[in-house]
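One-letter residues, chain by chain:
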Amino acid sequence: MNKIYKVIGCISLVCISLGSWAAGFSLPKYEKVTLQNGLTLYLMEQHEVQLIDLVVTVKAGAVDDSKAGLAKLTAANLILGTQQLPRAELEAKLDFIGAQLDADAELEYSSVSASLASKDLDQVLQWVKDSLLTPAFDDQEFAKHKQRYLANLQQKTESPKAVIKDYFNAQLFKGHPYAAEIDGSNTSVAGISLADVKAFHKRWYTPDNTAVIVAGDFDTKQLKSKLSKLFATWQGKAPARAKLTTPVQPKQAQVLLVDKPDAVESTFMIGGAGMAMSNPDYVAVSVINTILGGRFTSWLNDELRVNSGLTYGARSRFESHQQGGSFYISTFTKTDTTKQAIDLALQTYQKLWKQGIDQSTLDSAKAYVKGQFPPNYETSAQLASLMSDMFIYGFDEDFINGFSERVNALTVDKSQSLIEQYFPSQNLQFVVVGQAEIIKDWVKGYGQLQQVNIQDSE
Amino acid sequence: MKKIAIWSLLSALALPALGNQEDKVQTFSLDNGMKFLVLEDHSIPNANSYLFWRVGSRNEYPGITGLSHFFEHMMFNGAKKYGPKEFDRTMEAAGGSNNAYTTENLTVYTNWFPAEQLDLIFELEADRIEHLAIDPQMVESERGVVISERSTGLENSNFRAIWEEVKGSAFRAHPYSWSVIGHESDIENWSLQDLVQYHKTYYAPNNAVMVVAGDVTVDEVKKLANKHFAGIPAQTPPREVHTVEPEQKGERRVYLHKASVSSPNLMMAFHVPNSRHEDYYALSVLADILATGNSSRLQDSLVFSQQLATELFAYFPESIDPNLFYIYAVASPGTTSAQLEQGIIAQLQKIKKEGITEQELQKVKNRRLVDFYREMATINGKANTLGTYEMYFGDYRALFDAPTKLEALKVADIQRVANQYLKKANRTVGILDAQEDSHEQDL
Chain A
1 MNKIYKVIGC ISLVCISLGS WAAGFSLPKY EKVTLQNGLT LYLMEQHEVQ LIDLVVTVKA
61 GAVDDSKAGL AKLTAANLIL GTQQLPRAEL EAKLDFIGAQ LDADAELEYS SVSASLASKD
121 LDQVLQWVKD SLLTPAFDDQ EFAKHKQRYL ANLQQKTESP KAVIKDYFNA QLFKGHPYAA
181 EIDGSNTSVA GISLADVKAF HKRWYTPDNT AVIVAGDFDT KQLKSKLSKL FATWQGKAPA
241 RAKLTTPVQP KQAQVLLVDK PDAVESTFMI GGAGMAMSNP DYVAVSVINT ILGGRFTSWL
301 NDELRVNSGL TYGARSRFES HQQGGSFYIS TFTKTDTTKQ AIDLALQTYQ KLWKQGIDQS
361 TLDSAKAYVK GQFPPNYETS AQLASLMSDM FIYGFDEDFI NGFSERVNAL TVDKSQSLIE
421 QYFPSQNLQF VVVGQAEIIK DWVKGYGQLQ QVNIQDSE
Chain B
1 MKKIAIWSLL SALALPALGN QEDKVQTFSL DNGMKFLVLE DHSIPNANSY LFWRVGSRNE
61 YPGITGLSHF FEHMMFNGAK KYGPKEFDRT MEAAGGSNNA YTTENLTVYT NWFPAEQLDL
121 IFELEADRIE HLAIDPQMVE SERGVVISER STGLENSNFR AIWEEVKGSA FRAHPYSWSV
181 IGHESDIENW SLQDLVQYHK TYYAPNNAVM VVAGDVTVDE VKKLANKHFA GIPAQTPPRE
241 VHTVEPEQKG ERRVYLHKAS VSSPNLMMAF HVPNSRHEDY YALSVLADIL ATGNSSRLQD
301 SLVFSQQLAT ELFAYFPESI DPNLFYIYAV ASPGTTSAQL EQGIIAQLQK IKKEGITEQE
361 LQKVKNRRLV DFYREMATIN GKANTLGTYE MYFGDYRALF DAPTKLEALK VADIQRVANQ
421 YLKKANRTVG ILDAQEDSHE QDL
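Protein chains in written order, with the working numbering: chain A, 1 to 458; chain B, 1 to 443.
It cannot be assumed that every hint is accurate.
With beta-carbon atoms standing in for the labels, derived distance ranges [as the list claims (entries may be wrong)]: (1) Lys353/B with Asp139/A: 48 to 58 Å; (2) Ala240/A with Asp437/B: 17 to 27 Å; (3) Glu278/B with Thr187/A: 48 to 58 Å; (4) Thr217/B with Val248/A: 29 to 39 Å; (5) Ser360/A with Pro246/B: 51 to 61 Å; (6) Thr404/B with Ser360/A: 27 to 37 Å.
Distance condition first, Cα-Cα at most 30 Å in a straight line; then the derived DSS-like pairs of lysine-lysine [what the hints assert, rightly or not]: (7) Lys370/A with Lys424/B; (8) Lys119/A with Lys223/B; (9) Lys352/B with Lys424/B.
These are calculated hints, taken from the structure and not from any lab test.
Quick reminder that beta carbons are idealized off the backbone N, C-alpha and C, glycines included.
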């Protein structure tokens, strides 16, 4: 470990004081630093076990794809060897010390992450840096990976649960960048070349667009110095991303029927436009959703599973991004009871408006979300992921430290106005995966019908 | 039942760290035989309880296959003080949540809650252990839930689909023959009397171990355990499972047709001893050498070099009775199941003939250490690991002997177990593919 600490281009420094349990759940102390080249560091010490979790997050994802799947392929290719180490050697070295290195892309960001024993930090940091800055981008590794990737896309069509959300997002966000197919399709991925990957990497993987996030068993002062040196020569600026509009609720109810001729059950999603991650009502709305479909005793699970035995589980959730998101109910049931289950899901959803939420149900949901909150931020991997979200979505420790307060502030009256405001009630969007021959007549009444086959490329 | 490939934490090392943990585990038993393991951990204001019952699908017989798992569901459907739905409602309103899982060997009930709710959690557990009400109406609706759970597994998981077939062929005598979820016709038809008897026999305090980890004190756990569980009477211990699977003396093969499969899936399963056998650690290391990490034998050769498979894994579950050592692979497009099978066999053959390297063995030992840290990073990982060792190895302290056992392994031990168990006559091969098995050239 390098003992010399020099402040290399420390433009801003934020220190958050250590919270105590007595005052409710609060986030452990971390430092956020921006280096001269624009690279942001988030560092949080956690010494319970001798582990470190590291996430490098880049603000570029599927919404920035010129060909669907490009962000995902770019991330994956970063860890297929570096200019210093071919893939097989890099993997042998990682495996030998029990370290894990992963890379992936989501809708609005990409990340390279590592989990390692703290004694191996120097070694792994070097490999992560090489993966980011000087990946091998080898023709043969690229071609082989693409073959495996295309096979996985094909295999994905074997499972309704694996594909249904892609169909749902494509229908809900049609015309908006959030409709992006994160994984891409057979056709789009077939058209991606190594040159495309290199260009995406060059354009977006720049220090001003990136955060290096570390949580675990290390010394902040030493690591800050080390990271500052390691990334000091990294230069470049990412182009300004056009700010996206907020996605809106579609103008008509639609049903997408995805035919799977050998299906033994129907899998479906019902929903509409949701809310942005930064929405100040995010926490309050998630408490309401807990009542509707966010826990075992939720209305949806109680009706569709416990009371009627129609399914193994029914739920609802908001999925939030920078500018908006989706809301959906999801469940599955045997082919014969498809209509019964959809109708019961809709009836149950209607209770939000027809019956509303009473005080004791609200109290129970508040206790539940507060009680289940701390274990979400127990490990360094979870804490690193939280800091990555802070970087992407622009929130800070107040999200954690003010959580209980926001939960407590929700009243029965307020919940009714939030339901009106955020839960889509008109022009609902349906996707049903199942045996079209049997269920088509049942589902066509819910909206304008369109039918595709699950094995067709999306 | 998402128990695939989680086993690796179970034989970790890390002597200094483990030493500390061992000191921290405290145990006590009530007069009725119910045993408790307690691990204080004040890192978050929460705690958990993991209640392990010595009952799983190995305790079933034809006609009641899947009953252990069904029972897992029924335990949430009402007792004396807390009627139908009240268990979950009460727990969630107190900020807690729960789940449960059933395996071939065990049924485990997990509660996660703010630490100050321990009293309530124990009260809820005691109520359903002592006074479960098996309501006929709840039984009927739960049949539908479990049939849905079964079919959604088969619909979405190729592994689940072919696994059932392979087990059914590899075991013709022992109850490991059927899947944990059971046959659909049994789920539809077992009687109320079957359920009553099952509860009385297996849900007795002398058949359970509870692990509590988190922001609690041992004294408090002891006090509340006495308050809630001490009055529950012990029962005659359940009948031992005495069936021994006869030695397999020739390869068995099964084929499953599923039209929507895009490339063949292959499962290979070899009979191996139980977790207390002296070969357990060598076999567990062999599984890692074959398929854990991209530099492992099968990943490196079949996925990356030859591109015969898009994904694969080895699975060697802990087991009370002798069970199976699995290899599972999904063929790449254009690869036949025969090519994939030959590719796997060639790699197994190589280990049998040439053995493994010191470097490979050390790699597995190193990885187990880091995986152990990962497991110990959460109170849930701690509770589950301690309980699993207690149940499968007879004593949670086996966890702390594991490093020594692992360290003592030599490269020759791995080659020896490969030669002993990875044999054609001892294997069952299952293939899942899109082609119908019946065709014009045959029948």
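Legend entry - Given hint Lys223/B paired with Lys119/A - CA-CA distance at most 30 Å: 42 Å, violated
Legend entry - Lys370/A paired with Lys424/B [C-alpha distance capped at 30 Å]: The hint is violated at about 55 Å.
Inset, instruction - Could you see if the CB distance from Ala240/A to Asp437/B stays within 17 to 27 Å? - result: Hint violated: Cβ distance 59 Å, outside 17 to 27 Å.
Legend entry - Assessment of proposed distance window 51 to 61 Å (beta carbons of Ser360/A, Pro246/B): 59 Å, holds
Legend entry - Supplied distance hint 48 to 58 Å, evaluated on CB atoms of Glu278/B and Thr187/A: About 55 Å separates the Cβ atoms of Glu278/B and Thr187/A, which means 48 to 58 Å holds.
Inset, instruction - Please work out if Lys352/B and Lys424/B have their alpha carbons no farther apart than 30 Å. - result: 13 Å, holds
Inset, instruction - Mind checking the hinted window 48 to 58 Å against the Cβ distance between Lys353/B and Asp139/A? - result: The hint (48 to 58 Å, Cβ to Cβ) is violated, given that Lys353/B and Asp139/A are roughly 35 Å apart.
Legend entry - Distance restraint hint 27 to 37 Å, applied to the beta-carbon atoms of Thr404/B and Ser360/A: Roughly 55 Å apart at Cβ, these two residues miss the hinted range, so it is violated.
Inset, instruction - Return holds or violated for the Cβ distance of Thr217/B and Val248/A against the range 29 to 39 Å. - result: About 54 Å separates the Cβ atoms of Thr217/B and Val248/A, which means 29 to 39 Å is violated.
The structure fails hints 1, 2, 4, 6, 7, 8 (numbered hints given earlier, in ascending order).
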